[in-house]
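Spelled out from the first residue to the last, the chains are:
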Amino acid sequence: DVKVTQSSRYLVKRTGEKVFLECVQDMDHENMFWYRQDPGLGLRLIYFSYDVKMKEKGDIPEGYSVSREKKERFSLILESASTNQTSMYLCASSLAGVWTQYFGPGTRLLVL
Amino acid sequence: AQSVTQLDSQVPVFEEAPVELRCNYSSSVSVYLFWYVQYPNQGLQLLLKYLSGSTLVKGINGFEAEFNKSQTSFHLRKPSVHISDTAEYFCAVSDRQKLVFGQGTRLTINP
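In order, the protein sequence lines correspond to chains A and B.
Going by the numbering used here, the first residue of the first sequence is number 296, and it counts up by one from there.
Going by the numbering used here, the first residue of the second sequence is number 793, and it counts up by one from there.
In short, the hints are calculated from the structure, not lab data.
Okay, derived cross-link-like pairs now, SDA-like style, lysine to any residue, Cα gap no bigger than 25 Å in a straight line:
#: 1; chain 1: B; residue 1: Lys890; chain 2: A; residue 2: Leu373
#: 2; chain 1: B; residue 1: Lys890; chain 2: A; residue 2: Val347
#: 3; chain 1: A; residue 1: Lys365; chain 2: B; residue 2: Gln889
#: 4; chain 1: A; residue 1: Lys352; chain 2: B; residue 2: Arg888
#: 5; chain 1: A; residue 1: Lys352; chain 2: A; residue 2: Arg368
#: 6; chain 1: A; residue 1: Lys308; chain 2: A; residue 2: Ser377
#: 7; chain 1: B; residue 1: Lys841; chain 2: A; residue 2: Thr395
#: 8; chain 1: B; residue 1: Lys841; chain 2: A; residue 2: Ala391
#: 9; chain 1: B; residue 1: Lys890; chain 2: B; residue 2: Gln794
#: 10; chain 1: B; residue 1: Lys841; chain 2: A; residue 2: Asp321
#: 11; chain 1: A; residue 1: Lys366; chain 2: A; residue 2: Glu325
#: 12; chain 1: B; residue 1: Lys841; chain 2: B; residue 2: Tyr831
#: 13; chain 1: A; residue 1: Lys298; chain 2: B; residue 2: Gly851
#: 14; chain 1: A; residue 1: Lys350; chain 2: B; residue 2: Arg888
#: 15; chain 1: B; residue 1: Lys861; chain 2: B; residue 2: Gln794
#: 16; chain 1: A; residue 1: Lys352; chain 2: A; residue 2: Thr395
#: 17; chain 1: B; residue 1: Lys861; chain 2: B; residue 2: Ala793
#: 18; chain 1: B; residue 1: Lys890; chain 2: A; residue 2: Val393
#: 19; chain 1: A; residue 1: Lys298; chain 2: A; residue 2: Ile372
#: 20; chain 1: B; residue 1: Lys890; chain 2: A; residue 2: Met383
#: 21; chain 1: B; residue 1: Lys841; chain 2: A; residue 2: Ser344
#: 22; chain 1: A; residue 1: Lys308; chain 2: A; residue 2: Leu373
#: 23; chain 1: B; residue 1: Lys890; chain 2: A; residue 2: Asp333
#: 24; chain 1: B; residue 1: Lys890; chain 2: A; residue 2: Tyr345
#: 25; chain 1: B; residue 1: Lys890; chain 2: A; residue 2: Ser370
#: 26; chain 1: A; residue 1: Lys366; chain 2: A; residue 2: Tyr397
#: 27; chain 1: B; residue 1: Lys890; chain 2: A; residue 2: Met322
#: 28; chain 1: A; residue 1: Lys366; chain 2: B; residue 2: Ser886
#: 29; chain 1: A; residue 1: Lys365; chain 2: A; residue 2: Gln301
#: 30; chain 1: A; residue 1: Lys313; chain 2: A; residue 2: Lys348
#: 31; chain 1: A; residue 1: Lys298; chain 2: B; residue 2: Lys841
#: 32; chain 1: B; residue 1: Lys850; chain 2: A; residue 2: Leu390
#: 33; chain 1: B; residue 1: Lys841; chain 2: B; residue 2: Ser886
#: 34; chain 1: B; residue 1: Lys890; chain 2: A; residue 2: Glu367
#: 35; chain 1: A; residue 1: Lys352; chain 2: A; residue 2: Ile372
#: 36; chain 1: A; residue 1: Lys298; chain 2: A; residue 2: Thr395
#: 37; chain 1: B; residue 1: Lys841; chain 2: A; residue 2: Pro334
Please model the complete structure; the sequences and the hints are all you need to start from.
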């Protein structure tokens with residue numbers, strides 16, 4: 296079974312803090328994705344990566360950056376957290392050329 | 793760019809009743825279509841997908857969906873729902889190298 300894990304289920308941070316969300320997959324998938332999920336808006340793609348050290352902007356990259364130093368790990372960074380970044384963050388992975396994505400359990404982030 | 797519209801944000805049904813969750817997508821070019829389910833406090837898991845072939849696709853937990861190219865729709869159906877089907881359901885469409893998700897439909901089952 297594909298396993299995608301996220302470092303925290305719940306996180307509380309203060310405005311202006313630097314926040315790291317970590318995602319690890321154990322199936323040697325080339326593709327990794329970060330989404331945020333908000334009520335009524337569904338899932339919106341923040342960033343994705345097709346290979347180590349490679350990244351592409353999604354639909355809402357502002358205020359975020361990513362890092363992919365190893366194939367199995369994809370980190371989402373909030374350089375200076377703001378209250379409008381309070382959300383559920385979901386990581387996913389997939390094999391190259393395969394559309395099916397496998398999701399982690401999500402990190403619910405609250406920025407105060 | 794592709795877009796997906798899930799026509800109902802919430803669908804309440806009684807247990808053992810049939811249900812249909814509606815999904816329309818924007819483009820008539822070749823697409824791949826997906827339904828994912830999110831149970832409370834969990835990530836998303838794949839219910840079913842349409843890549844090619846038969847337009848009627850069967851998935852897990854008794855769900856099925858029909859791809860209708862002329863209507864640009866991919867509605868999800870189940871003939872008899874169970875309390876355990878309470879969840880949020882997301883339709884998604886392929887767009888170049890990524891998926892575009894709909895807004896989600898919350899399915900609530902009443903006993």
